[in-house]
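*Asks:* Model the full assembly from the supplied sequences, consistent with the hints where possible.
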Amino acid sequence: NAGVTQTPKFQVLKTGQSMTLQCAQDMNHEYMSWYRQDPGMGLRLIHYSVGAGITDQGEVPNGYNVSRSTTEDFPLRLLSAAPSQTSVYFCASSRAGRIYNEQFFGPGTRLTVL
Amino acid sequence: KNEVEQSPQNLTAQEGEFITINCSYSVGISALHWLQQHPGGGIVSLFMLSSGKKKHGRLIATINIQEKHSSLHITASHPRDSAVYICAVSRGTGNQFYFGTGTSLTVIP
Numbered sequence: 003n004a005g006v007t008q009t010p011k012f013q014v015l016k017t018g019q020s021m022t023l024q025c026a027q028d029m030n031h032e033y034m035s036w037y038r039q040d041p042g043m044g045l046r047l048i049h050y051s052v053g054a055g056i057t058d059q060g061e062v063p064n065g066y067n068v069s070r071s072t073t074e075d076f077p078l079r080l081l082s083a084a085p086s087q088t089s090v091y092f093c094a095s096s097r098a099g100r101i102y103n104e105q106f107f108g109p110g111t112r113l114t115v116l
Numbered sequence: 013k014n015e016v017e018q019s020p021q022n023l024t025a026q027e028g029e030f031i032t033i034n035c036s037y038s039v040g041i042s043a044l045h046w047l048q049q050h051p052g053g054g055i056v057s058l059f060m061l062s063s064g065k066k067k068h069g070r071l072i073a074t075i076n077i078q079e080k081h082s083s084l085h086i087t088a089s090h091p092r093d094s095a096v097y098i099c100a101v102s103r104g105t106g107n108q109f110y111f112g113t114g115t116s117l118t119v120i121p
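Residue numbers (the numbering used here), protein chains in the order written: chain A, 3 to 116; chain B, 13 to 121.
Simulated from the structure, these hints should not be mistaken for laboratory data.
This one's a predicted model, so the numbers in the text were calculated from it and none came from an experiment.
Some clues are possibly wrong.
One side of the interface only, derived from the structure: several residues of chain A facing chain B at Cβ under 7 Å [as the list claims (entries may be wrong)]:
hint, residue
1, Y33
2, L45
3, D58
4, A98
5, G99
6, I101
7, Y102
8, F107
9, G110
Now the stretches of chain B that chain A is said to cover, found in silico as 3 or more residues with beta-carbon under 8 Å [what the hints assert, rightly or not]:
hint, segment
10, 66-76
11, 109-119
Beta carbons are placed, not taken as given, at the ideal position from N, Cα and C, and that holds for glycine.
*Replies:* The following block contains the structure:
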């Protein structure tokens, strides 16, 4: 099992550019989520999905879009990159509907917006 | 206000020292999680606990539900323990997570 994979590992964008961060998991997990990690702050939830075709907003959704067409994939789209979106992005997955749930994280994508 | 507070923010220890990282939370939880993040690396789960104490090797995690407090202990610390340790709580059906800001630990040889 590869677990949770993310691509790319590093990315530099110019303000206004768009891009998609890829995330895939092979554990058949229903629940997938995107977080951003900034210095001095805890991981913050951007968007999440409880299954294929179902997505919802987290704490900091502005400027990001997601879709979930399959159980395995959960891409994150930056519509028009801004310097405030410079961050490390983590994708995570877990089983849904269980009280005791371990989240599995991808290796992260370090994004710099100039 | 953060639902999860960790202390200290930064910690430097000599190799061999006993280390304690504390976590307090203010919400009802399903479980408490301790995570480890090495520099430039991904995040891995160390412990998931809802009561009592768990031990993996030199790491021990405890939780006091009444006091809404958890501690992560590292015995006989080693430079390879240098990492950021993150406390998180899960709520509801277990998929809603709240994260602390992390404790950056450096163990000096």
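*Asks:* All the hints need checking, so say for each whether the structure fits it.
*Replies:* Results for each hint:
1. The interface hint given for Y33 of chain A holds, since its Cβ lies 5 Å from the closest Cβ of chain B, which is under the 7 Å cut-off.
2. Residue-level restraint check for L45 of chain A holds (minimum Cβ-Cβ distance to chain B is 4 Å; threshold 7 Å).
3. Hint on D58 of chain A is violated. Least Cβ distance to chain B is approximately 11 Å, over the 7 Å limit.
4. This hint holds: A98 of chain A has a C-beta 6 Å from the nearest C-beta of chain B, less than the 7 Å allowed.
5. A hinted interface residue such as G99 of chain A counts as satisfied when its beta carbon comes closer than 7 Å to some beta carbon of chain B; here the least separation is about 5 Å, so the hint holds.
6. For I101 of chain A, the interface hint holds, since its Cβ comes within 7 Å of a Cβ in chain B; the closest pair sits about 5 Å apart.
7. Interface hint at Y102 of chain A: satisfied, since its Cβ lies 5 Å from the closest Cβ of chain B, which is below the 7 Å cut-off.
8. Because the closest C-beta pair between F107 of chain A and chain B is about 4 Å apart, less than 7 Å, the hint holds.
9. Annotation: interface hint on G110 of chain A holds; nearest CB of chain B at approximately 6 Å, less than 7 Å.
10. Coverage of the segment 66-76 of chain B by chain A is violated [criterion: at least 3 residues with CB-CB distance below 8 Å; count 0].
11. A count of 6 residues in the segment 109-119 of chain B with a Cβ less than 8 Å from any Cβ of chain A is obtained; the coverage claim is therefore met, three being the minimum.
Checked against the numbered hints given earlier, the structure breaks hints 3, 10 and satisfies all the rest.
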